[in-house]
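Assemble the whole structure, with the sequences as input and the hints as a guide.
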Amino acid sequence: KYLAYTLYDEETVNKIMSENYIEQNTEKVNLDDEEGITILKDKGYNLNWVGGGELEEEIKEAIIRLGLSNNINMLGHQKNVRTYLEKASVFLLPSISEGLSIATIEAQAMGIPCVVSDSVPSEVNCGLCKFMSLNDPPQEWAHQIDVLATGKEKLTIDIERLNRFEVSKTIRQLQEIYE
Numbered sequence: 003k004y005l006a007y008t009l010y011d012e013e014t015v016n017k018i019m020s021e022n023y024i025e026q027n028t029e030k031v032n033l034d035d036e037e038g039i040t041i042l043k044d045k046g047y048n049l050n051w052v053g054g055g056e057l058e059e060e061i062k063e064a065i066i067r068l069g070l071s072n073n074i075n076m077l078g079h080q081k082n083v084r085t086y087l088e089k090a091s092v093f094l095l096p097s098i099s100e101g102l103s104i105a106t107i108e109a110q111a112m113g114i115p116c117v118v119s120d121s122v123p124s125e126v127n128c129g130l131c132k133f134m135s136l137n138d139p140p141q142e143w144a145h146q147i148d149v150l151a152t153g154k155e156k157l158t159i160d161i162e163r164l165n166r167f168e169v170s171k172t173i174r175q176l177q178e179i180y181e
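Read left to right, the sequence shown gives residues 3 to 181 (this note's numbering).
Mixed in with the good hints, there may be bad ones.
Restraint ranges, calculated between C-beta atoms of paired labels, are given here [said to hold, decoys possible]:
| no. | residue 1 | residue 2 | range |
| --- | --- | --- | --- |
| 1 | 155 | 135 | 16 to 22 Å |
| 2 | 63 | 161 | 41 to 47 Å |
| 3 | 153 | 98 | 25 to 31 Å |
| 4 | 179 | 58 | 35 to 41 Å |
Mimicking PhoX-like on lysine-lysine, the simulated pairs with C-alpha atoms at most 20 Å apart in a straight line are [unchecked claim]:
| no. | residue 1 | residue 2 |
| --- | --- | --- |
| 5 | 45 | 89 |
| 6 | 132 | 154 |
| 7 | 156 | 89 |
| 8 | 154 | 43 |
Hints were generated in silico from the structure; no laboratory data involved.
Glycine included, every Cβ here is placed at the ideal spot set by N, Cα and C.
Quick look at the structure:
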């Protein structure tokens, strides 16, 4: 998983983004679509990207080409992702295909609203997810990130749904299956 996060002063709105960068999912990374990125850049968003993968060099080149070096920092793999999630205002997962996204559930457990593609299974929604189509214009994605990050739209966590993913409960369910 790739994570992008911000760790700037408190006045800067923080957001987090998670991606799987594997060959068949390269369409998810569209740094050439300057309009959506420019909207967020102009609103003071900064990204620190945690992780690594096959497309890392290509992404770094695009960041430089688009003049985003001061706004997006590629930081490589990190051991304690929770530290970065704690600083986030929005979790973003624009996946082309995704299994049950534990990262999305973890973000919601920490109270972080999520903007995710509609390819992410709806089962992950514990009340803090906004689902969007990858066909939606980048401006709509940028707008949704902004309204959640600034608190213009507030989502409410569904504790009952979140508790379905509690480890002790999951262990009991697995034990019942295998008994």
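Could you check the structure against the hints above and give me the numbers of any it violates, in ascending order? none
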